[in-house]
Every structure is written in C-alpha cells, then in structure tokens.
Amino acid sequence: MVLRNAVHTNLYADSVTLMRAAARIAERPGVLTASLVMGTTANQDVLDRAGLLADEGRSAGPNDLVVAVRCADDEEATAALAAALAALAETPGPAAPEGEVPLRALAAAPDDTDLALISTPGPYAAAEALKALRRDMNVFLFSDHVSLADELTLKQEAAWRGLLVMGPDCGTSLVAGIPLGFANAVRRGGIGLAGASGTGLQQVSCLVHAMGAGVSHLIGTGSRDLSEEIGGLSTLAALDLLAADPTTEVVVLVSKPPAPRVARRVLERAAGIGKPVVACFLGAASGTAPPGVTQVATLDEAARAAASLALGHPVPAAETATPRPPREPRRWVRGLYAGGTFAYEAELLLRARLGAVARETPAPPPGAPPALPAAHLVLDLGDDAYTTGRPHPMIDPTVRTAYLTAALDDPSTAVVLLDVVIGHGAAPDPAGEIVRVLAGRPTPDDGPLVLAFVVGTDRDPQQLDVQKRLLADAGAVVMGSGTAAARAAADAVAVIAPQVEVRIGEGV
Amino acid sequence: MTTSGLLAAAPRIVAVGVDGFAAPAADAGATVHQVEWRPPAAGDEDLGAKLARLTSHPAIERANTRALDAVLAVRPLLVDVAPAQDLIPQLAEERLLLHAGPPLPYERMCGPMRAAVVGAALLEGWAETPEQAERLAADGGIHFEPCHHHDAVGPMAGIISRSMPLLVVEDRDTGRRAYSNLNEGQGRCLRYGALGDDVMTRLRWMGERLGPSLRAALRSRDEPVDLRGLTAQALQMGDECHSRNTAASALLTRELAAGLARSADLGGVEALDFLSGNNYWFLNFSMAASKLAMDAGHGVEHSTLVTAFARNGVDVGIRVSGLGDAWFRAPAAAVDGLYFAGFGPDDANPDIGDSAITETHGLGGFAIAAAPAIVGFVGGTPERARRISREMAGLTLGRHRDYQLPGLDFVGSPVGIDIRKVVDTGLEPVVTTGISHREPGIGQIGAGLTHAPLRCFTEALAAFHEPCD
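First to last, the protein sequences are chains A and B.
For the first sequence, numbering that gives the first Met the number 0 begins at 0 and goes up steadily by one.
For the second sequence, numbering that gives the first Met the number 0 begins at 0 and goes up steadily by one.
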C-alpha cells in the first residue's frame, strides 16, 4: 500500500468540484482513498487526520491544489494522480434538454384549463375528479369502480358549481370537435347527443353522419346517470348545455331504461329546451312523450328521426339485405358483442321475436372452449365478468376469439352477431381478428350465418369501407347497424322456429 | 353558468392517468397537459380523498394568502448580538440547553448532539470532564428543549447554552425577533459534534471577544444591517444561503468591518481575522432571518403553510401554520452527499439541524438554481440545479419578490411549502446540508442533498381540520 501526494501550485477549484473529482478517482480499481483539497492549513489538518498527508502535501500553500491518494501499488498511484487532473478538467457532459418540468398534479394545471380527463385506477379517480371540480374544471371520468356515493357527491358538487361530469365509466364524448375517449370522426353539424350509453351514442353519431347530417357535440354521462340514486344530474346538465349551444339544432338522448321518476324529470326538462328532442330509452315502456320530444325504440330510428329533423326532410330506412336462412339443426342466435348497448338492443329485439334469450354463459375452465347453451345467447363481452385482468374487447379484439370459435364450431348455431367498433381509441384493425377466425375454416353452405356491423365512418383512421370489405370477403354479411343486424337475425331464425308465444314490441 | 363555456371552443385539457389516452384529443387540436401522476398520499385512499376535499378550499386559500403575505412582509434587520441568557431568560434560570429539531430526550440523542451537549456543559462549567458532563445529562441534571420553542434556530446539533452569544434579527413593523448562535467556521466545530481543546478554546473566545466586538460594531452603525437586501444580493452572486454562503459572508463582513475595526479593544480585529476564513459565517444569519419570516406566517387558522422543517439527527419534523405548535415527524433521512477524505456514507449521521428553515423560506434547495458552485451536489450540471428549483416551485404557495434566481431568468425563488402540494405530488422538498460524523467528537465529514420525508406531510394532512365552507 502506498500513500502519494501531488501538489499543483496556483491551481484553484471550488471545493465541490474537488470532492466530485475525488469521488471519480476513488472509483478506480486499486485506489483505496482519494482526496483533492486546496492546501490551506485547515485542509492539511483534515488530510493528516485521515492519514492522507505526505511531505509534498505538507509543503503546499493555500492557493495550491493537493491531490492525495492511497493505492494498492505505486503504479496505480501514479496513474491516479494523473487521472485526478483529468477529472478536474472534465466538463459534466452535455446538458439534458431543459424543457418544462413535468406537471405532477392535476391541481397544478394552468389556470385556463377547463376540462380534466381522468383515467386513473378507480379508487383514486373520485379524488382526482373532485380536485378538478374544485379547480372549476369540467370532468371526463373514464375510470370505473367509482362508488355510487362518490358519483353522487361529484355530480352534486358539479351541479352546484355549474360544471359537467361525464362519467364515471364514460367511454365517449365529442366536445366542440375534440374526441374524448372512444369517438368517431363524424361531420360537424346540428345534432347534439347526450346519454348514458357510450356505444349507443357512437352508433347514432355514425349513422347520422352516414345519412348526411352532422354532430355538434356528443356528451357521455356515465352508465348510471339515469338511475334513481343519481337522478340524471349529468343528463340534465348536458341538456342545459345543448340548449344553450347555438350550433345545436336537434338533441338526441340515448340510454338503457332510466328509473321511471328520472325519465319523467329528464323528458320534462327536454320538452322545455326549445329545440326538438329525440329520446331513445332502449327497452323503456313507451309512455306518452311530452310535446317536442319524439320517443323511439331503436338506435336506428333515433338516428333517422334526428337526421330527418336536422336535414329538414325525411330520411328513408336503409334497404337491408335478406340473408339466406340457415337450416336445421342450426337454430340458435349467438350475439357476441363488444358494445354493451348493442347487446342490450339485440336482446330486446330477439326476445320480442324469438322468446327467451340467455345473457351469460358459465366461464370455461382455463384453456377449455366456452360452453354455449341450447338457447339464444347474447353476451356483452365488455362486461367485467369477461374482462377481468384484460383490456376491453374494443381495445383488444382477441377477447372475443374463443367465443367466436366456439359459436362457429357449435352445430346448433344458426346466426352469429358481431359488432365492430372503430374510431379513436379503438383497436387499429378490429375486423382483422374476426377475419382471421373466419378465414381459418371452410364456409360450407350449411354453416352458420355471420352477421356483422361496423360502427364507424369513412373518416375514422381504420376506415369504414376497408373494415366492411374485410368482413364481407371473409364470408360475413355486413349490415348497416346493430338494429338491422339483430332484426335480420330474428328474421332468419324465425323461418326455422316461427312460433313465439308472446309477440311484444311489434313496432320495434 | 360556467359550463356554457365548455361547448364554445376546443377544451383546454389536463389528463390524469393512462398515458396516451388524451392523444386523440391532442391530435384534434386541443391543448393537453399530461400529469405525471402517481397515487397521492403515498397511496392512502382515505387521505387522498381528504386532500381532494381540501383542494382549492376557499377558507384554506384565504388563510394561505394571509400567511404568505405575512412571511413576505417581514424585513429582517440584524440589530444586536448578546449572550443567550439575556435574550432567553429561561436559560439563566435553569440548567437548560436548546437543541436542533423537534423535542428529543437525551437518551435518544445521536452522537454529534451528545458531543455538543458535553461541550456546552463544559463551557458553562457544569462539569469538569466529558464523563461528568455525560453523567449529568443522563441523570436528568440538564433540561433540553428545541431552539424552535424559543424563537431560535441552530445549525447541525444546534446546541445553545446560556453564555453563548446569539445574533438578534428583528422585524421593525411587528417587533418580532428571532435568534441564532454564531458560526464557528468550517472543520472541527461543536455543531458537528467535534470536541477538544481547539473547539472549546474557540467557543470561549466567541463568548468573550467575538460576541462583544460584534455588538459594539452593530451599535456603532447608524442603521441595522438589512439582511433581506443582503440575501437578495448574495443570490445574484452564487449563494443559495444554506450550504453556499461565500458571497453573503463577504457582504456581511464588509458591513461589519469598520465597526469591528473601531472595536479593536473588544476583539474586533481578531473577529476580522476569524471572518476572513469563514465561508459559512452568514448561514446562521440566513437561518434567523428565515425563522423570523416563517414565524410571521405561523398560527393562521386553516393555513397549510409549512412554517418550520427541523431535524435533530434522529427525527425530523415540520410545523404547519394552521396546526399550532405540534411537530409532524418522521425518521431522519440519509444525506446523499460528497465526503471528505477518509469518510463515506457509513460514517454519516442522518439529517440534522435547524438550518432547513432556509428551505421553508425559499432558500437552500429551493434556490439552488442560483448557486452554480455547488451543483456538484445534484449531479454536476447547472441544468439539474435549475430543474430542482423549478420542481420545488410546484410545492410552494408563491414566489419571493426580492429573492431572485439569475439562472431562471430572475424569477422569484419559490417560497412557502404547502403540505397539500407535497402530499398530492409525492415530491419531497429538497434540502442542501452538511454531513456530520455519527460518532461523537469527530465533526463534519461532507455535504450534500437530502429531503423532507413525505411522511411528515401526510401526518400533518391527516391531522388537519377540514374547515367549513
């Protein structure tokens, strides 16, 4: 072991620079201790106490730099002393690009921020939303697993402050042409939409686009907004907004059945906004609509009624293909939906024509194919039961693959119903995954009928035409809407099993 | 209604959560600010919910404005130097020693603080030998209270005994005063827990010669020394006035030089010799001025302003304006530092001293962008230093008017830590500090960076009373 000092006369460096250089030298293999100090008496004392002061160091003056090293051998000591000077000369390297420091809290957003987009895990989402409201921001709350109590608190706070909460569990909105969450590239126009059903709103917006009309805004309210507990607070706020908005000429409300008291309140408010309103409460008993409000039973009809009002002339129902009916023993419809609203609408339409419809199937053991019941089946594959630990099927279309394969393999499957949702936020090629499954098998004439529909527009990144063509080329029959697809399924199967005990919803 | 604005133009968005979720909105032309989010309150959902309820709370916002205004209104004037017992009568009445940080019984004190206790007991003649002094302290023959409980602050061990000279800083408008001891210089010092004849000789000299000559020098001036102006100037000269005080010490010495020269009979020239080699001289003045300012903001009901952060080498604690005299504590953090020859992290005592009062006042780590010479503590580039000052601005209620950061285009230094912002961001306030050896009797072994632990802030928030609207 050797101790060596080197003295550099009249070489000044700041003490922090010296300590950094010493730390660099100490990293060298073979160096036990290293120190760089200016040669003041106090510093010499420090070196002495550390056993690092040699005779050269003792002779240094206050303006001299002392390098002291203790090394394994003489050779390394010489190298270390040389390296010390080099380390001093080193610049700290190119500076990282400076830029803004990242924003670390919602509350620190700039003052003119007027909308918070929240997609944190559920347990934290309500707190973030409350902070946003406190900062006078509107809220788009994508997160789910927010308690009903928290939702009510948030919406009451928002109502008191004159703000809007879209959500929780809100999948879609389109505010002044800006897509939030899932949304389609639709033409701007005079139709304002609001509702508790995300995919339902997307469908209506795409249909009115296809009919030549346009959308002013689309406001998701969260799936529970029209429940008794929440009382439609966001729907009412959205109605007020659309009423006051000069670009909105016609308003469309879309929802699964609201609590009756809430439905009355919402329809009363709707009747008073001074603009025509089309209300589509899927599955709700058709009561008497107040003047100025048109109540319709399907998403198709909602779109047609709104487009007719906006365009000023009646929009005829689209002609739909009449697909060939399947043959016995194929008798069951298998609706495999990514969009919960489509599943709900299909169930209503099928039940009215074909009787009982199963809405769930037992989860298969890991690796085994799902078992399908001997009954009509409509699944919402976006439901928590199917997505635990997995992305939503609108983001990851492979969630549906096992069910689709099982349905195609089942000799009793008459019709398979599939929705394909494209647009912002959706998978880059949702039809592709279906096509991959369909293309892998021969399509004999007596195979099941595959009815698909694409929710989207020609302006969406995935392109409506491309997605439709992919499906058609793979042997699927592409329908214009979920309503049309479900009706066609009912038509096809009714040929096989025409007897239905209760005929309800004839107008549907 | 505020909402009518929502549909009128493309929204200005803040996005919290899934990365890329706001991409379609941004692509469509909306302004999007993405939050680099992590669960607030270290993931405590109940505390996170409470934090949300306290966000932009009108009563708290009003209280914080009042508290910060009071802090910034303070003009700290250096008016006197006097023996501690003349300023804090309790020191004359009983065997009392003041120490740094939150309250701590002798049994729990760390090595350097025990050593400083011994040194003070010897200085006051309470014991003849270090062993006697230790026994006296262990047997309860000495009382201990925090400096902070007596309008005082002390760096590192922060031990103040009755005969030690204290500097007096005063705010003329309110008559409020704050005190600190005098800086012993670098190397072997009592405050770092060094003991020995050299340390004791200097302490005696400080009481007998330095204190009286400084007092005479101050009294010979027409005006007291304005420490606010001096600090503002030092920030333009490369100090951050916690761990870098070179410029401020020179400026203060310049103010005192003529008076000390006139007081040669009392020790003024010896004092000038001493000051010529003491680059840390101003630290204690910076601390007392910060203490004076932060105390002015203390005691405002509903205020979430942090008015003290102090460490005793075992625990650290904060005080909050609206939470009375309680300390909210956490174990002292380690210091990430650079070490003197022969020492390393294993030798280091955890964080110690009242000096972090400067950070609560927008100096030290908060002003590190002003001090290129010590950027070695933060990885070696001025860019990192500027970044820290900018990040700290995310934790504060406002900015200084007088204390500006040249490296950041002369923006005011961020001042007034808000417990809500610390808990919300999870960012811990950065502190520049010296490092003491963990064993008694050795002294300073390095310097570096540490932080005020998040736990102090979550505990304070948990204790915070939710005001009615």
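Take the hints with a grain of salt, since some may be wrong.
[Unchecked claim] What follows is a set of in silico ranges between Cβ atoms, one per label pair, in the way DEER data are often shown: (1) B:4 - A:390: 33 to 39 Å; (2) A:155 - B:88: 41 to 47 Å; (3) A:144 - B:107: 42 to 48 Å; (4) A:110 - B:199: 54 to 60 Å; (5) A:390 - B:465: 36 to 42 Å; (6) B:19 - A:111: 45 to 51 Å; (7) B:57 - A:290: 40 to 46 Å; (8) A:464 - B:57: 52 to 58 Å; (9) A:31 - B:88: 51 to 57 Å; (10) A:382 - B:19: 23 to 29 Å; (11) A:289 - B:26: 39 to 45 Å; (12) A:110 - B:466: 20 to 26 Å; (13) B:253 - A:110: 49 to 55 Å; (14) B:409 - A:427: 45 to 51 Å.
[Claimed, not checked] Here chain B is said to cover these stretches of chain A; the calculated rule only asks that three of the stretch's residues, wherever they fall, bring their Cβ under 8 Å from a Cβ of chain B: (15) 40-52; (16) 104-114; (17) 177-186; (18) 353-366; (19) 374-382; (20) 469-479.
Treat the hints as calculated values from the structure; they're not laboratory data.
Glycine included, every Cβ here is placed at the ideal spot set by N, Cα and C.
Results for each hint:
| no. | hint | verdict |
| --- | --- | --- |
| 1 | B:4 - A:390: 33 to 39 Å | holds, 34 Å |
| 2 | A:155 - B:88: 41 to 47 Å | violated, 56 Å |
| 3 | A:144 - B:107: 42 to 48 Å | holds, 45 Å |
| 4 | A:110 - B:199: 54 to 60 Å | holds, 58 Å |
| 5 | A:390 - B:465: 36 to 42 Å | holds, 38 Å |
| 6 | B:19 - A:111: 45 to 51 Å | violated, 23 Å |
| 7 | B:57 - A:290: 40 to 46 Å | holds, 43 Å |
| 8 | A:464 - B:57: 52 to 58 Å | holds, 55 Å |
| 9 | A:31 - B:88: 51 to 57 Å | holds, 53 Å |
| 10 | A:382 - B:19: 23 to 29 Å | holds, 24 Å |
| 11 | A:289 - B:26: 39 to 45 Å | holds, 40 Å |
| 12 | A:110 - B:466: 20 to 26 Å | holds, 23 Å |
| 13 | B:253 - A:110: 49 to 55 Å | violated, 43 Å |
| 14 | B:409 - A:427: 45 to 51 Å | holds, 49 Å |
| 15 | 40-52 | holds (count 8) |
| 16 | 104-114 | holds (count 10) |
| 17 | 177-186 | holds (count 5) |
| 18 | 353-366 | violated (count 0) |
| 19 | 374-382 | violated (count 0) |
| 20 | 469-479 | violated (count 0) |
Hint violations for this structure: numbers 2, 6, 13, 18, 19 and 20, all remaining hints satisfied.
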